[in-house]
Amino acid sequence: MREGIEGLTEKELDIGIDEEGSESKITERKKPKKKKSLTKLQQAQKDIEELNDKNLRRLAEFENYKKRTLRETERALIRAQDNTIASFLPLLDDIHRTLFSAKEHKASESFISGIELIKDNFENILESRGISAIETVGGEFDPEFHEAMMVENDPKKKNNVILEEFEKGYKHNDRVLRHSKVKVNKI
Numbered sequence: 001m002r003e004g005i006e007g008l009t010e011k012e013l014d015i016g017i018d019e020e021g022s023e024s025k026i027t028e029r030k031k032p033k034k035k036k037s038l039t040k041l042q043q044a045q046k047d048i049e050e051l052n053d054k055n056l057r058r059l060a061e062f063e064n065y066k067k068r069t070l071r072e073t074e075r076a077l078i079r080a081q082d083n084t085i086a087s088f089l090p091l092l093d094d095i096h097r098t099l100f101s102a103k104e105h106k107a108s109e110s111f112i113s114g115i116e117l118i119k120d121n122f123e124n125i126l127e128s129r130g131i132s133a134i135e136t137v138g139g140e141f142d143p144e145f146h147e148a149m150m151v152e153n154d155p156k157k158k159n160n161v162i163l164e165e166f167e168k169g170y171k172h173n174d175r176v177l178r179h180s181k182v183k184v185n186k187i
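With my numbering, letter number 153 in the sequence shown gets 153, and the count goes up by one each step, no holes.
Because the hints were derived from the structure by calculation, they are not lab data.
Using N, Cα and C, we set each Cβ at its ideal position, and we do this for glycine too.
Don't take every hint at face value.
As the list claims (entries may be wrong) - No more than 27 Å apart at the CA atoms, straight line, and that leaves these computed lysine-lysine pairs for DSSO-like:
no., residue 1, residue 2
1, Lys157, Lys168
2, Lys157, Lys181
3, Lys66, Lys54
4, Lys181, Lys171
Said to hold, decoys possible - Quick list of the computed label-pair ranges, beta carbon to beta carbon:
no., residue 1, residue 2, range
5, Arg57, Asp93, 27 to 37 Å
6, Val176, Leu91, 13 to 23 Å
7, Leu38, Glu63, 31 to 41 Å
8, Lys156, Ser128, 36 to 46 Å
Go ahead and model the full structure; you've got the sequences and the hints to work with.
In structure tokens, the structure reads:
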């Protein structure tokens, strides 16, 4: 078939020819709409909406995955930092024992001053990183922070009060690095 005006075929055009042989009137016939093409269009739009919805869901899942991974990484770093710090606590215990022993055996003042300087520097470094000693003697026993190694029955003192500290405990912000080992009064 031959194409006419604007790509339309002769069947799609009504062409009237006057007596001189020229075209007098051109009118376009409307093609009947097919339901199949509308349903295909509707189906295509529906498919596009479903794909957009799937894409948005996957994007949201990926964002959640990134956030969860970041939180898990931060927790792992905090645990690693806590474990590293906790591994240095026995060294601080040794410094405290050395200082106690030096004072008990009446070591020279310069030796005691040197040990105290090392102890203070070590504790300042820990404190600057959020590490603090857990309060014990005279305070109330709290199993979150203290570990009872011994129990004593002293009616002159309050129940559940810490009488003695065997090993100093430490916490990093609110997390316990090491529980304090203590003696508790139980009436």
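Hints, verified against the model:
no.: 1; hint: Lys157 - Lys168; verdict: holds, 22 Å
no.: 2; hint: Lys157 - Lys181; verdict: holds, 19 Å
no.: 3; hint: Lys66 - Lys54; verdict: holds, 18 Å
no.: 4; hint: Lys181 - Lys171; verdict: holds, 14 Å
no.: 5; hint: Arg57 - Asp93: 27 to 37 Å; verdict: violated, 54 Å
no.: 6; hint: Val176 - Leu91: 13 to 23 Å; verdict: holds, 19 Å
no.: 7; hint: Leu38 - Glu63: 31 to 41 Å; verdict: holds, 37 Å
no.: 8; hint: Lys156 - Ser128: 36 to 46 Å; verdict: holds, 40 Å
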